[in-house]
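All chains, full assembly: derive it from the sequences and hints.
Protein chains in written order, with the working numbering: chain E, 91 to 696; chain A, 91 to 696.
All clues stand as given, with none of them false.
The list makes no distinction among identical chains, and a pair is therefore deemed to hold if it is satisfied within one copy or across any two copies.
Derived lysine to any residue pairs resembling SDA-like cross-links, with alpha carbons at most 20 Å apart:
| no. | residue 1 | residue 2 |
| --- | --- | --- |
| 1 | LYS403 | ASP413 |
| 2 | LYS429 | LYS481 |
| 3 | LYS402 | SER452 |
| 4 | LYS402 | SER355 |
It should be emphasised that the hints constitute simulated quantities derived from the structure, not laboratory data.
Number of protein chains: 2
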Amino acid sequence: MKPSSILSVATCLLLPFQIMGQEPDNSHEQWKTQCGTPTGQERFPIESYEELPQFVKPDENDWKHVKGTCLSWGQTDVRYAKTAVPMSRTSRLQGISGWRGEKVAAQAVVWTKTGAGALRYEISDFKGPHGQVIPADRFETGFVRYVMTDGLNSDGGGCGHRPDHTVYDSTMVADCIDPYLKEVSLDEMNTQAIWLSCRIPEDITPGTYKGRLTVMDGERTIGSLQMNIRADEHVLPAPSQWHFHLDLWQNPFAVARYYQVPVWSREHLEAMRPLMERLAAAGQKVITASIMHKPWNGQTHDWFESMVTWIKKLDGSWEFKYDVFDRWVEFMMSCGIDKEINCYSMVPWALTFRYYDQATDSMQSIETAPGEPEYEEMWTNMLKSFASHLKGKGWFDICTIAMDERPMEVMRKTIAVIRKADPDFKISLAGTYHPEIEDQLYDYCITINENFPEEVLERRRQEGKISTLYTCCSEGYPNTFTFSPLAEATWIGLYMAAKNVDGYLRWAYNSWPLEPLLDSRFRTWAGGDTYLVYPGNRTSMRFEKLIEGIQTYEKIRILLNEYRENGDTEKSRKLEEMLSSFRIQDLQNAPASAAVGRANAFLKTL
Amino acid sequence: MKPSSILSVATCLLLPFQIMGQEPDNSHEQWKTQCGTPTGQERFPIESYEELPQFVKPDENDWKHVKGTCLSWGQTDVRYAKTAVPMSRTSRLQGISGWRGEKVAAQAVVWTKTGAGALRYEISDFKGPHGQVIPADRFETGFVRYVMTDGLNSDGGGCGHRPDHTVYDSTMVADCIDPYLKEVSLDEMNTQAIWLSCRIPEDITPGTYKGRLTVMDGERTIGSLQMNIRADEHVLPAPSQWHFHLDLWQNPFAVARYYQVPVWSREHLEAMRPLMERLAAAGQKVITASIMHKPWNGQTHDWFESMVTWIKKLDGSWEFKYDVFDRWVEFMMSCGIDKEINCYSMVPWALTFRYYDQATDSMQSIETAPGEPEYEEMWTNMLKSFASHLKGKGWFDICTIAMDERPMEVMRKTIAVIRKADPDFKISLAGTYHPEIEDQLYDYCITINENFPEEVLERRRQEGKISTLYTCCSEGYPNTFTFSPLAEATWIGLYMAAKNVDGYLRWAYNSWPLEPLLDSRFRTWAGGDTYLVYPGNRTSMRFEKLIEGIQTYEKIRILLNEYRENGDTEKSRKLEEMLSSFRIQDLQNAPASAAVGRANAFLKTL
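Quick look at the structure:
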């Protein structure tokens with residue numbers, strides 16, 4: 091699809107991305123200069139915003155049998171298009187089930203032939219056995235909103251320069267869940283989804299809790315949808331207790347820029363808190379820390395600054411300060427993320443190390459590579475100082491010196507410098523599987539298309555080491571792009587269980603592009619690659635589905651433990667058999683939703 | 091004079107100055123790109139260099155009576171033009187006199203109708219009474235070289251945007267004294283001067299010392315000039331003992347750039363040492379220190395960086411480091427300049443204060459003005475820290491917080507902040523005479539066209555305060571531009587004696603433009619305004635003549651003291667009468683050389 095009607099918008103959006111380089115401030119100006127603000131609204135909206143225009147017009151033929159305004163439960167793994175008829179049959183009653191402590195979700199859909207001027211909704215308390223109640227305010231709800239995205243490359247991956255409307259289609263996809271928006275105006279032949287989710291209280295009586303979602307147009311009730319939530323006997327522990335090792339890299343610099351607050355100020359931490367608490371509630375284990383300037387050479391709209399202060403003194407010696415690092419780590423710990431601190435990077439993408447130079451009273455850079463005396467001198471100094479600081483803070487044992495994939499020789503030389511500075515430093519790597527250095531790596535994350543040898547995985551687990559898989563732009567599927575099938579996000583959690591690894595890593599929780607609420611496309615990756623959540627602490631369907639998979643991973647682990655303890659080998663075998671059916675290559679032909687659906691159905695039988 | 095032949099050179103030179111802004115590195119590239127290197131030589135020559143071309147062709151008519159190659163003593167206050175016949179009568183014997191310890195100078199001139207392929211010179215030992223000798227190696231000698239300059243404005247001053255060949259003439263003037271050049275090739279109808287100077291040893295027997303300068307063309311002797319130096323009974327003390335308060339601002343950053351050495355490195359200090367020792371030998375009293383970034387908003391080709399390290403810590407508090415400041419001050423003291431440290435500036439030309447910001451790991455700036463709380467908070471912190479550091483170093487009593495002229499209200503507010511931080515801080519100002527704040531100023535320098543009230547001057551002297559006069563671009567005369575009559579430099583010293591002030595200030599000892607050996611023009615001031623000495627530790631005729639005037643000032647002071655001690659009121663009266671004849675307005679009609687000549691003649695009668 092290459093509708094010419096979108097070109098003007100796409101071209102306009104294109105410019106700032108191409109021009110901005112890595113200067114966020116300039117790029118804002120560029121956007122204004124080139125395009126005005128595309129939707130006429132203020133830059134960087136937080137509570138209220140207007141989406142980019144929908145460019146796919148409704149097909150009257152599709153809508154001809156629709157009468158008035160319709161309402162139905164939908165599925166949580168479908169992105170309902172704005173101008174298409176969402177379904178042919180409606181469903182007014184939905185039963186969902188979950189463990190106590192588990193987050194469950196549903197999606198309702200409204201579609202209208204005639205338009206609706208003031209669409210809004212209300213959710214009731216959910217009433218269960220013995221007069222117990224899940225109160226309405228336990229639900230997180232929101233209208234589902236649309237964001238601009240693109241698509242995969244012709245080679246099936248998601249890496250490559252964008253936005254480029256000569257290569258990629260642009261589409262508006264449902265993704266963001268907006269709790270601020272209380273009322274929506276729908277044009278003729280428009281569809282609007284409503285998302286609701288709820289963490290079932292751990293302490294309620296198991297049983298069925300009944301409630302409803304009522305949808306109105308102004309004062310007029312369109313209809314009500316009934317929902318029965320069955321709370322299972324089982325209790326899913328709090329996310330902090332989950333085994334699943336979730337590692338979504340955080341970008342505090344994007345938040346400071348988007349919220350236009352001074353970096354590391356009280357306002358900055360306040361802006362980040364709900365976002366990072368949301369991440370903690372998904373089971374995040376790792377604090378992403380940058381210990382030098384631009385560990386990824388500014389690959390994000392807001393590049394990472396060093397959280398460690400590097401000062402080269404007049405006499406040539408180094409001075410390191412950790413005030414920023416400490417503030418960030420302590421803040422993240424206060425949000426509930428406190429299991430690991432991964433420090434990037436001794437081997438940044440560009441081997442350039444910036445520091446404040448006292449002699450010239452300016453920022454200077456050294457270009458040096460592992461194996462060079464200057465590199466070793468600099469990093470040995472830094473790591474010794476850092477180790478001492480971490481030990482003082484009691485963080486040494488949860489801290490890793492973190493690398494991205496680099497040539498073997500470079501990684502070996504880097505590890506040698508680390509070991510020389512402090513042999514007990516933990517090291518992490520996200521990259522290809524390398525048997526040569528595997529034993530050096532405390533936290534080892536390999537690509538989802540690779541496998542740890544089984545005996546290695548077992549040994550690593552016994553040694554208390556972490557072994558996980560990752561996806562990035564390379565994987566067409568499964569993935570969490572804004573255009574990825576939503577069930578793939580869930581599928582990921584199940585696959586981690588199938589592969590018996592500890593968890594999953596993705597490089598960007600919130601490395602927002604210029605206007606993430608409007609346009610998820612960015613520079614050299616498929617749309618949505620750089621973030622899973624939106625400004626204003628808005629979650630996304632993708633992120634919610636990812637959490638669903640993580641929860642399933644935890645439930646499987648708990649069940650397997652139960653069976654093992656009870657000697658219930660039959661159930662174990664069946665469960666493992668079901669898991670073994672999860673194969674990446676199958677996603678080529680069968681949608682992830684089918685596999686996930688089967689797994690969920692199976693789990694209900696246990 | 092606007093010879094069209096110079097336009098191509100002038101235009102070429104023009105470009106880098108206009109384009110460069112304040113980025114020396116870029117500007118070098120600009121020069122190359124626009125013009126190639128004008129003389130085809132490497133950038134920033136030190137030992138050997140080629141001058142820009144002479145664009146005034148010899149007038150054959152003038153030269154028609156000249157035969158072969160001629161040789162004569164010239165005068166030290168004449169810039170002999172390259173292509174003009176320097177004089178009509180030759181003088182082979184010259185007598186000069188000086189006190190023991192005084193530096194004396196002479197200029198020889200060679201001119202040739204036919205050209206000279208390998209002009210060189212030798213100086214003999216100078217033989218005096220009782221077999222005593224001033225050895226040849228006591229003489230500093232050099233061929234006089236030509237540099238591009240411009241001229242005064244039509245309003246008679248020297249301030250205004252340059253180079254601009256539509257407004258200012260460009261001329262090549264004799265100024266630099268080059269000790270490296272051992273042999274010169276002269277074209278037909280060319281003139282070449284040779285400068286020689288010598289500090290008469292303090293410990294030799296008074297009397298006449300006879301020697302000669304021999305000039306050769308290759309192996310052929312052109313001739314010899316005889317010189318008798320009469321060493322007076324009087325002894326001029328070493329420059330460090332001079333009362334004359336010389337304050338020529340030093341620019342270490344220009345030296346680092348020109349010599350292409352890292353700022354504050356050992357190589358940098360080595361490059362500066364002969365230059366600063368030369369300054370000390372002229373009687374310099376003051377170390378120029380920059381305590382913030384760009385105190386003069388980058389008015390020099392190489393702007394002043396802060397010698398104090400300003401760090402704004404994450405918690406908002408300030409940290410100051412003095413490593414650079416200490417290195418500079420200690421270096422200057424080791425060169426013999428140790429009487430005063432003037433620290434610029436709490437009231438810079440642009441009220442912008444740059445610092446290293448830990449939160450953003452970048453250089454940041456605050457814009458704040460005296461009277462604002464932020465300004466007071468910042469400077470009170472800095473000055474308290476600075477006072478404590480200076481006291482630890484034992485420098486507090488010789489250090490001043492230094493200002494340039496600012497509106498009275500601004501200066502008052504600034505002084506209030508200083509007094510609040512430490513009431514004992516010394517303060518200096520170079521600006522207009524303001525009776526309102528005069529008593530607050532330890533070192534007060536006013537423009538040469540103003541006068542301190544006599545009783546104020548007397549009181550200040552009794553209080554141990556310094557009172558001096560300055561010239562800058564505003565004064566068409568007297569001045570030390572590369573086109574100023576050389577006697578004006580000497581005249582200045584005499585005028586300071588006449589005005590009974592303590593000395594003289596000029597804003598630039600060595601704020602070199604891009605290529606100071608080639609072109610003395612710069613941005614918004616008359617040619618040579620920004621420097622008095624040249625790279626390679628080359629002195630200038632201007633600087634030597636300035637020293638001559640300072641020595642005369644010292645001699646007058648010593649003589650007046652002698653007369654006072656001896657009760658010789660007649661000589662005192664005559665001397666003061668002679669001095670009272672020094673009036674700036676007279677320079678409009680009578681050249682400075684006449685007044686200086688009269689004064690010298692008079693002094694010989696005493």
